Structure formats: structure tokens, C-alpha cells
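J.: Quick note, the sequences are listed as chains Z and S, same order. Numbering-wise (my numbering), the first sequence opens with residue 8 and increments by one. Numbering-wise (my numbering), the second sequence opens with residue 90 and increments by one.
For the record, the hints were derived by calculation from the structure and aren't laboratory data. Small disclaimer: the values here were computed from a predicted structure and weren't measured. Treat each hint with caution, since some may be false.
What the hints assert, rightly or not - Dumping the calculated DSS-like pairs for lysine-lysine here, alpha-carbon to alpha-carbon at most 27 Å:
(1) 188(S) with 148(S)
(2) 188(S) with 160(S)
(3) 148(S) with 196(S)
(4) 160(S) with 92(S)
(5) 72(Z) with 188(S)
(6) 188(S) with 152(S)
(7) 188(S) with 14(Z)
(8) 196(S) with 106(S)
(9) 14(Z) with 196(S)
To be verified - Which chain Z residues stay away from chain S? Per the calculated CB distances, all over 10 Å, these:
(10) 81
(11) 109
(12) 111
(13) 119
Every residue gets a Cβ at the ideal spot worked out from N, C-alpha and C, and that includes glycine.
Each chain, letter by letter, is given below.
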Amino acid sequence: SAVISQKPSRDICQRGTSLTIQCQVDSQVTMMFWYRQQPGQSLTLIATANQGSEATYESGFVIDKFPISRPNLTFSTLTVSNMSPEDSSIYLCSVEGDRGTEAFFGQGTRLTVV
Amino acid sequence: SQKIEQNSEALNIQEGKTATLTCNYTNYSPAYLQWYRQDPGRGPVFLLLIRENEKEKRKERLKVTFDTTLKQSLFHITASQPADSATYLCALYSGGYQKVTFGTGTKLQVIP
Numbered sequence: 008s009a010v011i012s013q014k015p016s017r018d019i020c021q022r023g024t025s026l027t028i029q030c031q032v033d034s035q036v037t038m039m040f041w042y043r044q045q046p047g048q049s050l051t052l053i054a055t056a057n058q059g060s061e062a063t064y065e066s067g068f069v070i071d072k073f074p075i076s077r078p079n080l081t082f083s084t085l086t087v088s089n090m091s092p093e094d095s096s097i098y099l100c101s102v103e104g105d106r107g108t109e110a111f112f113g114q115g116t117r118l119t120v121v
Numbered sequence: 090s091q092k093i094e095q096n097s098e099a100l101n102i103q104e105g106k107t108a109t110l111t112c113n114y115t116n117y118s119p120a121y122l123q124w125y126r127q128d129p130g131r132g133p134v135f136l137l138l139i140r141e142n143e144k145e146k147r148k149e150r151l152k153v154t155f156d157t158t159l160k161q162s163l164f165h166i167t168a169s170q171p172a173d174s175a176t177y178l179c180a181l182y183s184g185g186y187q188k189v190t191f192g193t194g195t196k197l198q199v200i201p
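My request is simple: use the sequences and hints to build the entire structure.
T.: Structure representation (C-alpha cells):
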């Protein structure tokens with residue numbers, strides 16, 4: 008299993024500002040995943056972050072809006088840039104288990120943009 | 090288009106009864122299907138995985154079935170307890186580069 012520490016757990020931000028979310032894993036992992044969970048909706052994959060290369064973004068998500076860093080095998084950040092109220096959501100980081108058949112999640116960051 | 094459907098209405102059951110949650114999918118040929126539990130303010134927690142060639146999987150009070158003909162998975166919690174109250178998500182692994190797609194989840198409320 009993997010233990011993931013994600014912070015901040017919640018934040019209220021002004022429109023037009025940026026927020027960086029940090030994700031720390033207690034073991035080395037190849038891939039880290041960033042999800043968004045809007046109110047009443049399911050988890051939507053934003054991007055996959057590999058150490059040493061640029062993140063791979065899913066359709067509808069772009070690097071300028073959601074820049075990601077992956078400086079080493081245990082840490083990643085997601086920045087939500089130039090925020091608008093539509094960005095209010097829960098953001099989750101995730102890693103795969105050793106067998107690659109289960110996912111472990113951080114506790115999420117609840118973002119409210121006002 | 091690909092779609093995963095879970096009952097969006099909350100499921101309320103009496104303590105001690107069996108809860109059954111449904112996950113239907115279209116336009117997928119999943120290699121496996123997962124079930125997760127999510128509590129308010131927390132990330133999802135992995136519960137069970139069932140592969141395409143498996144009909145049923147059990148873990149303690151949990152049972153999952155997988156019917157690739159009906160394109161449906163059923164998730165059962167027997168002898169339900171108030172502590173089982175949570176949102177349950179199904180997720181499909183659709184192959185390729187290990188991308189997992191989640192359903193919207195069903196909220197279960199077990200009434201004492």
C-alpha cells in the first residue's frame with residue numbers, strides 16, 4: 008500500500024489567483040495521477056505525471072491552466088492557475104499499487120474560488 | 090461514447106440487510122473493474138477488483154459480481170452496518186496506458 012499526504016486539505020482563493028497543491032508519497036512511484044472531482048460528479052483525470060518528463064494531460068486540460076511538477080519519485084505538485092469559480096472542486100492525487108491494479112489516493116484538496 | 094452509470098439516487102437500507110449497488114457500462118471492454126469507498130472529505134479507498142474472466146469475488150462481507158454480457162457489476166454488502174454508510178464508486182480499467190475511469194458513485198446510508 009501507499010500513504011499519500013496531500014496539502015492543503017482545503018483553501019478559499021480569490022478569483023484570478025493561483026494555488027499549488029502538494030502531494031507526497033511514502034514510497035517511490037513511477038506515475039502519479041491528478042484528478043478533479045466536481046460537486047456531485049465523479050473523478051476526472053487531469054494528467055499523469057512521470058518523473059523526469061512532462062506530464063501527459065487528458066482532453067480538456069492544458070498545461071497553462073494546470074502546470075504540474077514532478078521533481079522526484081515521491082513528490083508532485085499541481086497548480087491551478089488564474090482561478091475562476093468554475094475551478095471550485097476537490098483535487099486528488101493518486102498512485103498505483105505495486106500490482107498496478109489498485110489506486111491509492113490522498114485525502115484531497117477542497118478548493119473554493121470566490 | 091463510453092459511459093459508466095451508477096445509481097445517482099442514494100440507497101437507504103436497514104442495518105443488518107444486504108445492500109446491493111449497481112454499476113453499468115457501455116462501449117467498454119474492461120480488463121477489470123474496481124470498487125472504491127469514499128467518505129466525505131476523503132479520497133477514495135480501494136475495496137475490491139474483479140477481472141473480466143471472473144464471475145464473482147468476495148472479501149469478508151463484500152461480494153462483487155461481473156457480467157461482461159450484461160455489462161454490469163453488482164456490489165453487495167451483507168449484514169450492513171451504519172459504518173458502511175459512504176459513497177461507493179466503481180471504476181473500469183480500459184486497457185492501453187493504465188487509465189482508470191470512475192463512475193459517479195452511489196451514496197449508501199445504513200439506518201440503525
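J.: If a hint holds in the structure, say so; if it does not, say that too.
T.: Going through the hints against the structure:
1. 188(S) with 148(S): Roughly 25 Å between the alpha carbons, so the hint for residue 188(S) and residue 148(S) holds.
2. 188(S) with 160(S): At roughly 19 Å apart (the allowed maximum being 27 Å), residue 160(S) and residue 188(S) satisfy the hint.
3. 148(S) with 196(S): 20 Å, holds
4. 160(S) with 92(S): 11 Å, holds
5. 72(Z) with 188(S): 21 Å, holds
6. 188(S) with 152(S): Holds, at roughly 24 Å.
7. 188(S) with 14(Z): This hinted pair holds, its Cα atoms lying about 24 Å apart.
8. 196(S) with 106(S): 16 Å, holds
9. 14(Z) with 196(S): 26 Å, holds
10. 81: Residue 81(Z) is indeed farther than 10 Å from all Cβ atoms of chain S, at 17 Å.
11. 109: 4 Å, violated
12. 111: 7 Å, violated
13. 119: Given a closest Cβ separation of 13 Å, the condition holds.
The earlier numbered hints that this structure contradicts are 11 and 12.
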